[in-house]
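Enquirer: Sequence:
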Amino acid sequence: MRYSVLFFLLTIIFSCKTQKNNKHCFLKKKKTEQTETTLKAIIIDLTLDTTNKESNSDAFKILDAKIIGNYLHLNISYSGGCEKHSFKINGDLQLSKSLPPIRSVNLIHYGNNDACKKLIIENLVIDIRDLAYKNEDGSEIFLSINGWNEKIHYVFKKK
31 MRYSVLFFLL TIIFSCKTQK NNKHCFLKKK KTEQTETTLK AIIIDLTLDT
81 TNKESNSDAF KILDAKIIGN YLHLNISYSG GCEKHSFKIN GDLQLSKSLP
131 PIRSVNLIHY GNNDACKKLI IENLVIDIRD LAYKNEDGSE IFLSINGWNE
181 KIHYVFKKK
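Start counting the sequence shown at 31; every next residue gets the next number (my numbering).
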């Protein structure tokens with residue numbers, strides 16, 4: 031009897047793994063939602079201290095970060111799905127004394143107390159001209175973004 035119950039349970043478990051669209055499976059993957067790339071109206075705040083601002087942020091993960099022209103493209107993920115989420119960038123006014131200089135940047139995520147658990151993947155496109163070292167064509171700076179391990183090289187382009 032014990033073996034027949036064990037065999038029955040193993041059959042159910044392995045059948046769930048092989049059928050992706052089986053509605054009766056109790057082993058379901060987490061739902062994800064891919065949103066389109068949009069230019070977001072994200073506030074960029076230059077401040078003297080970016081360290082305390084990070085604690086106000088809801089959880090998120092940066093999956094990819096790159097700069098094209100004067101725009102920062104961030105591919106991020108977070109949980110939610112029931113409320114509207116917004117973002118803000120805090121850039122540190124104090125720059126490192128390296129050449130090119132380095133600016134610390136904090137991305138802050140406001141989830142509006144969204145209790146839903148759907149995994150959202152979103153592409154943010156942010157105009158970062160306010161984070162430039164100088165508003166001169168060819169002005170260079172590295173951006174050190176919280177949640178991203180690499181510094182991102184930004185060359186200001188006047189257009």
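Worth flagging that the hints you see were computed from the coordinates, not collected in a lab. Since the structure is predicted, the reported quantities are computational estimates derived from the model, not experimental observations. Accuracy of the hints is not assured; some may be wrong.
The list that follows gives simulated cross-link-like pairs (lysine-lysine, DSBU-like), each with its CA atoms no further than 30 Å apart [to be verified]: (1) LYS148 / LYS189; (2) LYS118 / LYS96; (3) LYS114 / LYS148; (4) LYS114 / LYS127; (5) LYS96 / LYS114; (6) LYS164 / LYS148; (7) LYS164 / LYS147; (8) LYS188 / LYS118; (9) LYS187 / LYS147; (10) LYS187 / LYS91; (11) LYS148 / LYS188; (12) LYS147 / LYS127.
Now the in silico label distances, taken between C-beta atoms and shown as ranges [said to hold, decoys possible]: (13) ILE97 / LEU149: 22 to 28 Å; (14) ALA145 / ILE98: 31 to 37 Å; (15) SER34 / ILE182: 56 to 62 Å; (16) ALA145 / LEU76: 18 to 24 Å; (17) LEU149 / ILE182: 40 to 46 Å; (18) SER34 / HIS103: 54 to 60 Å; (19) PRO130 / ASN86: 26 to 32 Å; (20) SER126 / LYS147: 34 to 40 Å; (21) ASN105 / LYS187: 38 to 44 Å.
Glycine included, each C-beta is placed from N, C-alpha and C at the ideal position.
Enquirer: Hint by hint, note whether the structure agrees.
Expert: Against the structure, the hints come out as follows:
With a C-alpha separation of about 39 Å, the suggested pairing of LYS148 with LYS189 is violated against the 30 Å cut-off. Between LYS118 and LYS96, the direct Cα distance comes to roughly 17 Å. Compliance with the 30 Å bound is thereby established for this hinted pair. At roughly 13 Å between alpha-carbon atoms, LYS114 and LYS148 fall within 30 Å of each other, so this suggested pair holds. Only pairs whose Cα atoms come within 30 Å are accepted, and LYS114 paired with LYS127 is rejected, the gap being roughly 39 Å.
The suggested pairing of LYS96 with LYS114 holds, with an alpha-carbon distance near 25 Å, which does not exceed 30 Å. With a C-alpha separation of about 41 Å, the suggested pairing of LYS164 with LYS148 is violated against the 30 Å cut-off. Proposed proximity of LYS164 and LYS147 is contradicted: the alpha carbons are some 42 Å apart, above 30 Å. About 24 Å separates the Cα atoms of LYS188 and LYS118, which keeps this hinted pair within 30 Å; it holds.
Under the criterion of a C-alpha separation no larger than 30 Å, the hint pairing LYS187 with LYS147 is inconsistent with the structure, at around 40 Å. About 28 Å separates the Cα atoms of LYS187 and LYS91, which keeps this hinted pair within 30 Å; it holds. Between LYS148 and LYS188 the CA atoms are separated by roughly 40 Å; this puts the pair beyond 30 Å, and the hint is violated. Taking the CA atoms of LYS147 and LYS127, the gap is near 43 Å; set against the 30 Å cutoff, the hint is violated.
For the pair ILE97 and LEU149, the supplied restraint of 22 to 28 Å holds, since their beta-carbon distance comes to about 26 Å. In this structure the supplied range 31 to 37 Å holds for ALA145 paired with ILE98, their Cβ-Cβ distance being about 35 Å. As the Cβ distance of SER34 to ILE182 is approximately 59 Å, the hint placing it in 56 to 62 Å holds. Separation of ALA145 from LEU76 is about 33 Å and departs from the stated range, judged on CB atoms against 18 to 24 Å.
Separation of LEU149 from ILE182 is about 25 Å and departs from the stated range, judged on CB atoms against 40 to 46 Å. Distance hint check: the CB atoms of SER34 and HIS103 are about 56 Å apart, consistent with the given range 54 to 60 Å. Range check, PRO130 to ASN86: Cβ separation about 29 Å, and the 26 to 32 Å hint holds. One distance hint, 34 to 40 Å for the beta-carbon pair SER126 and LYS147, holds here, with the actual separation near 39 Å.
The hint said 38 to 44 Å for the Cβ distance between ASN105 and LYS187, and at roughly 22 Å that hint is violated.
Figure legend: structure checked against the earlier numbered hints; hints not met, in rising order: 1, 4, 6, 7, 9, 11, 12, 16, 17, 21.
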